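**Student:** Sequence:
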Amino acid sequence: MSAKRKVVKSRSKNFLISLLASGLVFSTMMGCKSIDPYSGEEKTSSAVKFGAIGAAVCGIIGSRDSSKHARNAALGCGLIGASIGAYMDAQEKKLRKELAATGVSVKREGDDIRLIMPGNITFETNKSDVQQDFYPVLNSVAVVLKEYEKTIVEVEGHTDSTGSYQYNVGLSERRASEVSDYLKQGGVISQRLVVVGRGPAVPLASNDSAEGRAQNRRVEIRIRAIEAG
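Just so we're aligned: the sequence shown equals residues -27 to -1, 1 to 202 in mature numbering (1 follows the signal peptide of the UniProt record, and there is no 0).
Just so you know, these hints were derived from the structure itself, not from any lab.
Keep in mind that this is a model prediction, so the values were computed, not measured.
Mixed in with the good hints, there may be bad ones.
Claimed, not checked - Dumping the calculated DSS-like pairs for lysine-lysine here, alpha-carbon to alpha-carbon at most 30 angstroms:
| # | residue 1 | residue 2 |
| --- | --- | --- |
| 1 | 70 | 157 |
| 2 | 100 | 80 |
| 3 | 66 | 157 |
Let the hints inform the model, and build the full structure from the sequences given.
**Tutor:** Below is the structure:
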């Protein structure tokens, strides 16, 4: 690497650090509304405000070329107002196309996109290694996430209530981490990814039946837009 490129990299890094140290916070924005093109229902935005995480993501996006570009990109990377809905609409459409007939559900919640990946197609019982048959699905997700990079990606692991709470929380976190790591290998930058293990705390169905427990064993990916301002 040349001296010039080292200086550029250093300046980009310093700018990013200054953004993170400025006291910006991670929060959500409620109240911006748009219409879901699939359901026709009104949506309320919960986009991630341009805080510490948004600054980190946008700074890294900009630092690919030059320190000046890094500064401009970090200041202008976030989405504004109605553009959030349009941006997420386009991403939702692409995800629905790529994930059709894969077993993965694509849901729209306000301006968030939620992907529900059932445990029976993602992991073996009590295991946290992603099944090889599921690799192509995650590859498709990674491609779309790289194309629409102005988002934060929350990867959540969930289990049923069988076994101890502590074990299930650990298992759900390991599974979420495995999915997150796979997305990173697919080119999604780590600063966009947030990993959470929910254990049995957020069931989709009753744990009293085998069918309900199967629904509760899953990994979810929630995609949130980075909002400027």
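**Student:** Check each numbered hint against the structure and report the violated ones by number, ascending.
**Tutor:** Violated hints: none; all satisfied.
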